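Colleague: What follows is each chain in one-letter form.
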Amino acid sequence: MTRILEKLAVATGGVLTGVIVVAGVLYFWPFESENRTPVALERIASSAGTTESFFLNITGDIVLATHGGAFPFKPLPEGIAPLGNGQAPNTFALVTKFRHRPEGEIVAFGTELEIAHPGSSFLLGKIMTHTLWSIVVPGRGALHLYQTENNWRLFKQVMLPMLLSGKAFDGQFSGVNTLGPLDGYRGRVVGGTGDFAGITGSFIEIGTLRHLTPEGSMEGLMELRVNYHRSTMAESP
Amino acid sequence: MWRIFLGFTGTGALIALLVFANLPGYANPRIDTVRSVEPDGKVSESFFFRSPEDGIAVTHSGRLPLGIAPPGVVALSDPAIDKGFALILNMHDANARIVGFAVELEVHPEGDMFAQDLRWETEWVLVIPGRGMLILHQQEHSGELGPKVINSIRETRSDWIGDWTVQTTVGPLANGRGVIVGGTEEFEGASGSFIEIDHLTRYTVDGVMWGDFELRVAMEPRK
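If you read the sequences in order, they're chains A and B.
Quick note: the first sequence uses the numbering used here, first residue 1, plus one each step.
Quick note: the second sequence uses the numbering used here, first residue 1, plus one each step.
Below, a sample of chain B positions facing chain A; criterion: calculated Cβ distance under 10 Å: (1) Ala-57; (2) Val-74; (3) Ile-81; (4) Glu-123.
Beta-carbon label-pair distances, calculated as ranges: (5) B:Asn-175 / A:Glu-215: 47 to 53 Å; (6) B:Gly-72 / A:Ser-174: 26 to 32 Å; (7) B:Leu-17 / A:Gln-157: 19 to 25 Å.
A partial selection of chain A residues facing chain B, derived with a Cβ cut-off under 8 Å: (8) Ala-11; (9) Val-22; (10) Glu-78; (11) Ala-108; (12) Leu-113.
Calculated directly from the structure, the hints in this document are not laboratory data.
All figures in this text were calculated on a predicted structure; none of them were measured in a lab.
Where a beta carbon is used, it is the ideal one built from N, C-alpha and C, also for glycine.
Whole structure, please, built from the sequences with the hints as guidance.
Modeller: Now the structure itself:
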């Protein structure tokens, strides 16, 4: 009996060791996209056309935020209904105000809408969403921006330590969240209306996180840096 | 013992690789909705909303005859956006199945939209897990909303109850239809037009709208 229990303990220890080894290798594996911030910043800076930034303070500029149940964020306000009545668990919606400078006046409002990306995989260092930003600038029109977003670095450097320790994150975590779909880790301008009608271009989402709790409360700053130009015919941005 | 340990270490590693390969909960099964293909290749598809039961949140400056909900949602009261309006609600297909949710963003014009027929710009974004997001743009008008509904509430201080169906879309296309701006995933590169049809049955004094609404979309065939 003792022998069997010993073998069982060794087998369990073996399984746990195997899981820990794989998780450890993944944690330290240098995925190329983890170093995308300077590449994306340089690519957007060297693009021709008009560059315009929209900032939002988290959570000061947020009007509301909710999700379908599976996103690790605290809905705002408390008690707001989940999206899709349980039929769309992997979705997220944020309504927010925007500024042209972090401390500037409010100039626009809009939404960030997300659907979890089925291409997500820890083995590839990808925790991804399809993300669509819509920015409505009264008097000018609306701008729609699409990106695939990868939060692997955020998970690895902020969320995992926080979840394992149970302690809130306080510090400065920043970088480009955009993964694609354009080269140079840029998102795509889908289209616009009003003054933004007929534009093409690209953008990046730059996030700065200063505070995050295991319950999902957060503080930080988000910038959407948009580069666009007018196009009378379809062309690659 | 070492053989057992190493063997189960390999098993543990394999389990971890399988679990980490595809994140649980990140798949979005596609729901096939009710669509019809016209002889010219256009695809027609409608999306439906019921008010107030599908409503998740609504906000504006606080000056519209419509509540801001749920409690705690921030008003769009800053001067630059105080003509703004945002609505989030669950979305059904023609078989009354929830297929996702939608967001409506509007900027209202100067003037009393219930005293005169005014136009404004509206963006709709439909979010359909497993298919993608579809972006629509239209011009709407207040039309008879003031004379028929809101003014009667203001005068009588009681709910409006009726049965009124109206196409709110008046542009920007010359034929009075709205346009598809584009989309993501399945809707990437989508083009075509749409109309919004509202059916109101009740409008309460405290600003709750009862009825059902349809976005009737016609997508052009892919080239």
